[in-house]
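Participant: With the hints as your guide, set chain X onto chain G.
Those protein sequence lines, which keep their order, are chains G and X.
So the first sequence is numbered by this note's numbering: it starts at 202 and just counts up by one.
So the second sequence is numbered by this note's numbering: it starts at 202 and just counts up by one.
Keep in mind that the hints were calculated from the coordinates and are not lab data.
Some hints could be false.
[Said to hold, decoys possible] What follows is a set of in silico ranges between Cβ atoms, one per label pair, in the way DEER data are often shown: (1) X:E237 <-> G:L230: 35 to 43 Å; (2) G:L225 <-> X:N290: 38 to 46 Å; (3) X:K206 <-> G:S263: 31 to 39 Å; (4) G:H256 <-> X:D217: 46 to 54 Å; (5) X:E237 <-> G:K323: 56 to 64 Å; (6) X:E228 <-> G:P354: 31 to 39 Å; (7) X:R414 <-> G:G245: 54 to 62 Å.
Backbone N, C-alpha and C fix where the C-beta goes; we use that ideal spot for every residue, glycine too.
Number of protein chains: 2
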Amino acid sequence: YRTKKLGLSFVALDPDPHCGAASLVEELLVGSLHDEAKLRELAGKVDVLTYDIEHVGVETLSRLESEGVKVFPSPRILAVLQDKAKQKNLYVQHGLPVAPFVQKKASELTEADLPIVQKSRKGGYDGRGVAVLRSLDQKQFLTGDTFFEEYIPFERELAVMVARGQEGQTVVYPVVEMLFDPELNICDEVLAPARVSPELAQRASTLALEAVRAVEGVGVFGVELFLTREGKLLVNEMAPRPHNSGHYTMESCRVCQFENHLRAVCGLPLAEPGFFTPAVMANLLGSGSGKTVVKGLEQALALEGFSLHLYGKDQCRPGRKMGHFTIIAATSEEALETCRRVKQYLKVTGA
Amino acid sequence: YRTKKLGLSFVALDPDPHCGAASLVEELLVGSLHDEAKLRELAGKVDVLTYDIEHVGVETLSRLESEGVKVFPSPRILAVLQDKAKQKNLYVQHGLPVAPFVQKKASELTEADLPIVQKSRKGGYDGRGVAVLRSLDQKQFLTGDTFFEEYIPFERELAVMVARGQEGQTVVYPVVEMLFDPELNICDEVLAPARVSPELAQRASTLALEAVRAVEGVGVFGVELFLTREGKLLVNEMAPRPHNSGHYTMESCRVCQFENHLRAVCGLPLAEPGFFTPAVMANLLGSGSGKTVVKGLEQALALEGFSLHLYGKDQCRPGRKMGHFTIIAATSEEALETCRRVKQYLKVTGA
Numbered sequence: 202y203r204t205k206k207l208g209l210s211f212v213a214l215d216p217d218p219h220c221g222a223a224s225l226v227e228e229l230l231v232g233s234l235h236d237e238a239k240l241r242e243l244a245g246k247v248d249v250l251t252y253d254i255e256h257v258g259v260e261t262l263s264r265l266e267s268e269g270v271k272v273f274p275s276p277r278i279l280a281v282l283q284d285k286a287k288q289k290n291l292y293v294q295h296g297l298p299v300a301p302f303v304q305k306k307a308s309e310l311t312e313a314d315l316p317i318v319q320k321s322r323k324g325g326y327d328g329r330g331v332a333v334l335r336s337l338d339q340k341q342f343l344t345g346d347t348f349f350e351e352y353i354p355f356e357r358e359l360a361v362m363v364a365r366g367q368e369g370q371t372v373v374y375p376v377v378e379m380l381f382d383p384e385l386n387i388c389d390e391v392l393a394p395a396r397v398s399p400e401l402a403q404r405a406s407t408l409a410l411e412a413v414r415a416v417e418g419v420g421v422f423g424v425e426l427f428l429t430r431e432g433k434l435l436v437n438e439m440a441p442r443p444h445n446s447g448h449y450t451m452e453s454c455r456v457c458q459f460e461n462h463l464r465a466v467c468g469l470p471l472a473e474p475g476f477f478t479p480a481v482m483a484n485l486l487g488s489g490s491g492k493t494v495v496k497g498l499e500q501a502l503a504l505e506g507f508s509l510h511l512y513g514k515d516q517c518r519p520g521r522k523m524g525h526f527t528i529i530a531a532t533s534e535e536a537l538e539t540c541r542r543v544k545q546y547l548k549v550t551g552a
Numbered sequence: 202y203r204t205k206k207l208g209l210s211f212v213a214l215d216p217d218p219h220c221g222a223a224s225l226v227e228e229l230l231v232g233s234l235h236d237e238a239k240l241r242e243l244a245g246k247v248d249v250l251t252y253d254i255e256h257v258g259v260e261t262l263s264r265l266e267s268e269g270v271k272v273f274p275s276p277r278i279l280a281v282l283q284d285k286a287k288q289k290n291l292y293v294q295h296g297l298p299v300a301p302f303v304q305k306k307a308s309e310l311t312e313a314d315l316p317i318v319q320k321s322r323k324g325g326y327d328g329r330g331v332a333v334l335r336s337l338d339q340k341q342f343l344t345g346d347t348f349f350e351e352y353i354p355f356e357r358e359l360a361v362m363v364a365r366g367q368e369g370q371t372v373v374y375p376v377v378e379m380l381f382d383p384e385l386n387i388c389d390e391v392l393a394p395a396r397v398s399p400e401l402a403q404r405a406s407t408l409a410l411e412a413v414r415a416v417e418g419v420g421v422f423g424v425e426l427f428l429t430r431e432g433k434l435l436v437n438e439m440a441p442r443p444h445n446s447g448h449y450t451m452e453s454c455r456v457c458q459f460e461n462h463l464r465a466v467c468g469l470p471l472a473e474p475g476f477f478t479p480a481v482m483a484n485l486l487g488s489g490s491g492k493t494v495v496k497g498l499e500q501a502l503a504l505e506g507f508s509l510h511l512y513g514k515d516q517c518r519p520g521r522k523m524g525h526f527t528i529i530a531a532t533s534e535e536a537l538e539t540c541r542r543v544k545q546y547l548k549v550t551g552a
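So that you can see chain G by itself, here it is in the shape it has in the complex:
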């Protein structure tokens, strides 16, 4: 029995005994997130179950929920969000704007449909499971269970963290802007706040709230939005958990996304974010293979407004998320400039 911030104690299930949570929990169960026995063992040890990744045994979680175990966000929501086609259908049913489905099979596509976006229904992550097709060359197509949607050129990709409590109360974090590594197609920088007008930020907040209300989610949700060149906002997708686009909240908000997630799933009062400074979060993607080595750390730590989070991954691989850093500054533009300078010398690589 141990208590920490909020007076909570934690038990985690992870396949890796050296996972990031290992040194932070009272007890670590090692096993697959799809192993019913392990999930039941975990459920037997805690008052409430939550998850930090979508790829978890949702059928078992549903059974546990039907047996009276508290699971937040509800596995019912997770089952919908795990399947990008179902997820998109839900937004459509609730009248939320999305990039429209193209109801065709791969073999039915013509040149007139190009460019077109193909998405895997399940299992996508960090740019995997999404392809922008510019030719009918089948070798470029994703395999497995996929669907197509219209390619909509967008100006910016925005994200909003929303926390929703068990009585439907909500708090909304600032609208942020996600910048992507063009080669890896992974979000590598998040600007908080986004470089958009107050009016647009307001519309984005409202849309994110509507999306979370549509799924009746309890917990923290990362809602990703497209801002089209015509100034329209579309819901792209939603993550039912603390999200990479919300990591900046640890440095620039009084109450971070993780705390509000815990408050929500435990039935505690939600807290206003208390955003107090602009920031840029940058993912530290591995730049080599081998035993993890961090270069340039000392120079970075000498910089005012720099904060580091390393995830304790022993092995580095090119493009692997090894950690992130946050720069706070007077404006997100200024933070971005500093961030770009830091990236020139701060590297996570393999020895």
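Facilitator: Frame of chain G, contents of chain X only:
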């Protein structure tokens, strides 16, 4: 091998296998802080040794240091600070203002010496080891190795956290004000910043810096000062570690006392505190005996600007430090008002 914030990993030694650090370190050694074998085992596992309490085997640490182990702050300093008479002598030697010694034995005191302050040279903590004597009744006197100093009525008790690096570079946190529980003689509230003029705050910062430079300390130091009724500042004592009077830095500074302590002892660049909001920290002292129970938590968590830290102590005892909470607000006075309201319902007690 695990990395966290700053890219560091931790091994701890504590007599209690259920100590607060247990779930935060890579490895916990269980044993006495005075056990040479255990301290040597710990030293063998780390690049640098530091401590979070003064009552630790300083002779062993000195031997380890002479054998080439990095120990910060140096055991040489610790040996001086562990003995309040030696500590006071050091300040006197450096020309720093203190409450003067009264060079008498207990049997030599007369009515004219009263009131007078008696202090245990070693082992004092949280109000233990200090007595204000108002009569010559020997039953009131402290036993053991003690000394006397002039009783100086003071208006406020101030504290300043100072971080000093291995090349002598320093950063100073804001001057705070310590309020004491009159019955337990334990600091129970800390106001950041102190309710003093900018000129006085400047003098207090300078004095705290001089005291830390006098001991040539590397790490974070909590310097306690008296502000006399005549507006004079005196050095009371110094703790060679993160200090209760610096806990507020977790909520109201960009870089907290713990991070700067780690930066200093690891030879990393120090960071400016980045104080951004007034705050009050209040200790949660146990109000009953038995298995720890927290009352009023939900109400407190609903309050904007409230943050909680519980230390995970299984057993509650009256007056035991069970945790602390911090209130941030526009001014420290406002935070203090809120703090007092919270104390009416937030209680840690025993079941």
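Participant: So, against the hints stated earlier in the document, which numbers end up violated here?
Facilitator: The structure conflicts with hints 4, 6, although it agrees with all the remaining ones.
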